[in-house]
Amino acid sequence: AQSVTQPDIHITVSEGASLELRCNYSYGATPYLFWYVQSPGQGLQLLLKYFSGDTLVQGIKGFEAEFKRSQSSFNLRKPSVHWSDAAEYFCAVGGSDRTSSGSARQLTFGSGTQLTVLP
Amino acid sequence: DSGVTQTPKHLITATGQRVTLRCSPRSGDLSVYWYQQSLDQGLQFLIQYYNGEERAKGNILERFSAQQFPDLHSELNLSSLELGDSALYFCASSAGQGSTGELFFGEGSRLTVL
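Chains as they are written, first to last, in my numbering: chain A, 1 to 119; chain B, 1 to 114.
Read the hints as simulated data drawn from the structure, not as lab findings.
Glycine included, C-beta positions come from ideal geometry on N, C-alpha and C.
One or more hints might be untrue.
[What the hints assert, rightly or not] Derived coverage of chain A by chain B (criterion: at least 3 residues anywhere in the stretch with Cβ under 8 angstroms from a Cβ of chain B; other residues may be distant):
id: 1; stretch: 42-51
id: 2; stretch: 108-118
[Claimed, not checked] Some chain B residues near chain A, calculated using beta-carbon distances under 8 angstroms:
id: 3; residue: Gly58
id: 4; residue: Glu102
id: 5; residue: Leu103
id: 6; residue: Phe105
id: 7; residue: Gly106
id: 8; residue: Glu107
id: 9; residue: Gly108
All chains, full assembly: derive it from the sequences and hints.
The following block contains the structure:
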């Protein structure tokens with residue numbers, strides 16, 4: 001079964017500091033990996049995704065993530081955090097294979113990391 | 001703005017009642033997904049429809065049902081409501097069927113069961 005672990009429930013950083021949010025996944029086939037962001041009162045918005053190729057992927061708002069197959073990780077990074085980055089961040093895993101019942105694979109989301117940015 | 005519209009934004013009802021949540025997908029998207037977000041369970045996949053047909057089922061209770069209409073909008077029906085059903089219900093849409101592409105989320109419908 002596929003699963004995603006985000007070990008940090010809450011992270012606090014100062015504005016201008018660097019950020020790394022951790023994500024570990026479990027998936028039997030080649031994973032498709034995603035990071036979504038949820039601002040208060042909003043739905044989830046895709047930051048970036050990894051399907052194949054270059055293991056360092058760039059996303060919107062200055063975010064990037066690195067896929068490390070050996071560590072089953074897909075950590076999200078940003079070199080300098082802005083106050084507007086305060087939000088909840090979700091890592092998700094999916095794939096192009098089918099489930100045992102023949103259904104299309106669905107995304108499995110982690111439990112999220114709440115980011116607080118101090119002025 | 002993701003292009004996905006959900007109504008109502010907020011809903012307060014009593015235990016035992018039935019409610020219907022509505023979702024209009026992004027223009028051109030054929031897949032609609034329903035997710036439940038609660039503090040204790042996180043973001044849980046409920047069900048997916050593609051072009052009017054059910055494609056995948058997740059942790060959806062038997063008291064819950066959904067459908068996708070010919071105009072591609074979808075409704076999630078929640079019946080015999082319990083206190084534990086209080087949650088934020090998200091609809092998402094995508095062009096394809098599975099988890100290979102981006103999901104576009106609506107702003108959610110917050111259900112409070114008293």
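Now the hints, each set against the structure:
no. : hint    : verdict
1   : 42-51   : holds (count 7)
2   : 108-118 : holds (count 5)
3   : Gly58   : 6 angstroms, holds
4   : Glu102  : 5 angstroms, holds
5   : Leu103  : 7 angstroms, holds
6   : Phe105  : 3 angstroms, holds
7   : Gly106  : 5 angstroms, holds
8   : Glu107  : 5 angstroms, holds
9   : Gly108  : 6 angstroms, holds
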